[in-house]
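Here the sequence shown is numbered in the UniProt record's numbering, starting from 1 and rising by one per residue.
In short, the hints are calculated from the structure, not lab data.
Among the clues, some could well be false.
Unchecked claim - In silico DSSO-like pairs for lysine-lysine, Cα to Cα no more than 30 Å straight-line:
#1 Lys48 / Lys19
#2 Lys4 / Lys29
#3 Lys19 / Lys2
#4 Lys4 / Lys22
#5 Lys2 / Lys48
#6 Lys4 / Lys19
#7 Lys19 / Lys29
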Amino acid sequence: MKFKCILADAGYRGEFIEKADKLYSYLIKVVSRDKEKLAKKEFKPVSKRWVIERTFSWFDNDRRL
1 MKFKCILADA GYRGEFIEKA DKLYSYLIKV VSRDKEKLAK KEFKPVSKRW
51 VIERTFSWFD NDRRL
């Protein structure tokens, strides 16, 4: 299977991203929440972030999402 882009949670920054890029030449996009909207207490789902959260719930067998 060939990957074009890997979406990562904001927790995966720094050394992890650098190693993956150096070893495998993957394009990795770190998706994080908008800090302005957090300050306003405004909720709007971020589409790429939702994909990541959904995938994590599949790994944990959490069927509530």
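Now for the hints, and whether the structure bears them out:
With a C-alpha separation of about 22 Å, the suggested pairing of Lys48 with Lys19 holds against the 30 Å cut-off. Of the supplied pair hints, the one linking Lys4 and Lys29 holds, its CA atoms being roughly 11 Å apart against a limit of 30 Å. Distance hint between Lys19 and Lys2 is fulfilled; the C-alpha atoms sit about 18 Å from each other, no more than 30 Å. The hinted pair formed by Lys4 and Lys22 meets the criterion: a straight-line CA distance of about 16 Å does not exceed 30 Å.
At most 30 Å may separate the alpha-carbon atoms for a hinted pair to count; Lys2 and Lys48 meet this at roughly 19 Å. For a cut-off of 30 Å, the pair hint linking Lys4 to Lys19 stands: about 17 Å separates their Cα positions. Proposed proximity of Lys19 and Lys29 is supported: the alpha carbons are some 14 Å apart, at most 30 Å.
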